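Protein chains: 2
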Amino acid sequence: MHSSFCPPQRTLMGPGPSDVSPRVLAAMARPTIGHLDPQFIHLMDEIKSLLQFAFCTRNQLTLPVSAPGSAGMECVFVNLLEPGDTVVVCRNGAFGGRMKENVERCGARAVMVDSPWGETIDIDAVEQALKDHPQANALAFVHAETSTGVRSDAQSLAALASRYGCLSIVDAVTSLGGIELRVDDWGIDAIYSGSQKCLSCAPGISPVSFSDRAVARIRNRKSRVQSWFLDMNLVMGYWGGGSKRSYHHTAPVNALYGLHESLLILHEEGLQSSWARHKNCYQALAAGVDALEINLLVDKSYRLPQLNAIEVPEGIDEAAVRARLLSDWNLEIGAGLGELTGKIWRVGLMGHSANQKNVRLFLSALGSVLAASGWERKVDISQSLAAAANVFNDAEINR
Amino acid sequence: MHSSFCPPQRTLMGPGPSDVSPRVLAAMARPTIGHLDPQFIHLMDEIKSLLQFAFCTRNQLTLPVSAPGSAGMECVFVNLLEPGDTVVVCRNGAFGGRMKENVERCGARAVMVDSPWGETIDIDAVEQALKDHPQANALAFVHAETSTGVRSDAQSLAALASRYGCLSIVDAVTSLGGIELRVDDWGIDAIYSGSQKCLSCAPGISPVSFSDRAVARIRNRKSRVQSWFLDMNLVMGYWGGGSKRSYHHTAPVNALYGLHESLLILHEEGLQSSWARHKNCYQALAAGVDALEINLLVDKSYRLPQLNAIEVPEGIDEAAVRARLLSDWNLEIGAGLGELTGKIWRVGLMGHSANQKNVRLFLSALGSVLAASGWERKVDISQSLAAAANVFNDAEINR
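As you go down the protein sequences, you meet chains A and B in turn.
Add 890 to a position in the first sequence, counting from 1, and you land on the number used in the working numbering.
Add 890 to a position in the second sequence, counting from 1, and you land on the number used in the working numbering.
Mixed in with the good hints, there may be bad ones.
If several chains are the same, the list does not tell them apart, and a pair holds so long as it fits within one copy or across any two.
In silico lysine to any residue, SDA-like type, Cα no more than 20 Å apart, as pairs [unchecked claim]:
hint, residue 1, residue 2
1, LYS1112, PRO973
2, LYS1233, SER1136
3, LYS1247, SER1191
4, LYS1233, SER1046
5, LYS990, TYR1137
6, LYS990, VAL1281
What the hints contain is simulated information worked out from the structure, not anything from laboratory work.
On a predicted model such as this, the values are computed, not experimentally measured, just so you know.
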């Protein structure tokens, strides 16, 4: 009846998970040891220090939450908010909406600053909301909106939060490792990410980091954190420094082997190089898509390189194309969410997936499937590939 | 500075994680696919059906929470409780205490029924509490107290809950797969477990199951579940049946490969055989420990086979012995928790770790370390091993 599961070998160019490096897969298969083993404690220290490197922070409270990114989001909100608090929340996609859900489930009030899906956050509108709500104690926004492919100006937003005496809360699920992100220099107070995007680790872990100001708020809460599992006052006892660790929960040992290896790969490459690689792959992809006369949804000035929202041409069945890419090319891309359902494809170039081979594969596959779908336009795959190659060649020459 | 982490090859005989089978390790290293991939959806269905097998239930709402057992515990409480509810909570160890924490963080009231650590739950006292608090809507207890090695009479307690119109909430973190547990036959309403105990998967996943009665309570809540991540009303949309799955969070794909493989191993062996193997290993271990004239803490009638609380003999430094077992024998056992700190060792025989080789290794190692520690008593390792061998031989003969 049942048998071992042997997954197909996909190329993952959706909104995440991204392709996981064989090094990371191998790490996860190493023998499990105890979560209080001295060697594991040593690994935890290394992971903390590598996460500080990835986030560009010296924050002591920097650690991987033992659950996916949505739990990392919840971790930040339940620790920082108390019932009755007011938070200004920016929403220009699905994940800003999820922040609102989290704020309200903490018994706090979310003041929403909305921008259309596909556009970036309007900083003036945010400032107005902060002026209108002087009681607000936090400003929350998404750095890289995975639902639309939009980058927000995290540096300016964090500075604005600070100017109005608010903690800045940043969703960096899709940004960490893929685009510039400097927690300390930008004055970010609380940030969460995910393992399965530009870190290219398996899904299931959420790196978080809290500034000293945020930690002070957590330590001085009037009410208890509503989640026992995510209560940083308790988690600190296990992840905190020193040789004496108190048991809180059993860490996901093998998943953390994987995270460590993925952070190591990022460390070997260097942050600047990783950011440059993502940008270069995106430019090549955009050139190739442009050559097919297909549009990208997002304005160039705030596009994410790692998540490309490609407009579905008129007369094309978006789901049928995705299904064909998966069945015939073993290539996964993502659908639109919410109001963009049916209107865009989301093509990820994240971490290990951001490479020249994948860009070429995607352009060939998309062109081929569109041509086979009886699209009215003539599809010239070689021109598309040549446009991408030009970008790669220019980058080589300029090196 | 940093390099890949190569863990030592330990034998895990603590309170969990237990030894992970090479089959499970290999499964976790298979290529990551998307969490909405049709092949992954198929795997999810298989996992659900294998979990139903393991729990002995036909509950539709049976699935693995994407986080460790403590999140599974929280998942059950936040979904079933509303502010102002009253829950009778049995506490005879650390994990009953954690249940109280969870109840209170939901804004509910915990009526505690305490028994001394190391003793089983007093059913008469529980009944009295249910009589004294007719407004109680749930009875919560731990089936296998990992902190003490005590089994509770889950069948009688669940029946009692039902008689008093309460939902029964059961912590089966350490019991699932190791001792008899029948969710449907015993009328259990909500139950959570962990991947890293008798299932011998890597830590990080928490199987849960809810009866129809419990699902009705979740669907008819007056207030929203305080956790977005653990809200079963949302999780059901992703794990529920049907081909249309709505995205909730990104499932920990590779960890679920591992869980699937570990459940498959349990399915191949059969529940009765697994329970019998755990019992047999425990009996051999107990005979060997007895031959060393060392006591087990817990009364024979409610001892857990999979978690043995061994009293530290007078004059022996318990931490030094554990450290020696780890450094010289690569053997991990656990320390006592709470009021049993320094007084017991906790020796696990869970899942893949419950085998003859491990029992012999433990007896040899313990005897050897005690002898080397200058213990006043004479240590006869061969007699201890012979006592264990007798148990194993008897089991062979009686087969």
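Q: Mind listing which of the numbered hints don't hold for this structure, in increasing order?
A: Checked against the structure, the hints that fail are numbers 3, 4, 6, while the rest are satisfied.
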